[in-house]
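Trainee: Residue numbers (the numbering used here): 1 to 97.
Just so you know, the hints here were simulated from the structure itself, not pulled from any lab data. Any given hint could turn out to be false.
The following label-pair restraints were derived from C-beta to C-beta distances [said to hold, decoys possible]: (1) Glu26 - Asn67: 30 to 36 Å; (2) Asn67 - Val20: 15 to 21 Å; (3) Thr52 - Asn12: 28 to 34 Å; (4) Asp65 - Asp43: 30 to 36 Å; (5) Arg74 - Phe8: 20 to 26 Å; (6) Ile76 - Phe8: 38 to 44 Å; (7) Phe8 - Lys73: 24 to 30 Å; (8) Gln77 - Lys9: 35 to 41 Å; (9) Gln75 - Pro31: 38 to 44 Å.
The beta-carbon is built from N, C-alpha and C at its ideal position, and this holds for glycine as well.
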Amino acid sequence: MACSLTNFKEFNPEKSRIRVSRVVYEGRNYPVIDCDGKCPAGDPQCVYYCPTGCLVYVSKKQAVDMNYELAIKRQIQPVFKFIAPWKWKYPWRPWPK
1 MACSLTNFKE FNPEKSRIRV SRVVYEGRNY PVIDCDGKCP AGDPQCVYYC PTGCLVYVSK
61 KQAVDMNYEL AIKRQIQPVF KFIAPWKWKY PWRPWPK
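With the sequences and hints as input, model every part of the structure.
Mentor: Following this line, the structure appears as structure tokens:
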């Protein structure tokens, strides 16, 4: 919704450049982003406002490193199944067993 608000000044999912494509036989949803990262507002607003931190605008190497970091931190803190550790900076600790 941040995309449509930035580009068209309205909350309209049909005008957003981010869509979700459902692949039924896999039982998964995939984001389809129809932009080149050149947002009229500067940095892509969708990345800034993504509540979970799933959208990132980085180089391929940085994305691989972030994915590795997420895999490690998911083993330590269960909440990282729902949010990305780089979105919400907080000194997360392992939960007691």
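Trainee: Does each hint fit the structure? Answer for all of them.
Mentor: Going through the hints against the structure:
no., hint, verdict
1, Glu26 - Asn67: 30 to 36 Å, "19 Å, violated"
2, Asn67 - Val20: 15 to 21 Å, "20 Å, holds"
3, Thr52 - Asn12: 28 to 34 Å, "22 Å, violated"
4, Asp65 - Asp43: 30 to 36 Å, "20 Å, violated"
5, Arg74 - Phe8: 20 to 26 Å, "36 Å, violated"
6, Ile76 - Phe8: 38 to 44 Å, "41 Å, holds"
7, Phe8 - Lys73: 24 to 30 Å, "36 Å, violated"
8, Gln77 - Lys9: 35 to 41 Å, "38 Å, holds"
9, Gln75 - Pro31: 38 to 44 Å, "25 Å, violated"
Going through the hint list in order, the structure does not satisfy hints 1, 3, 4, 5, 7, 9.
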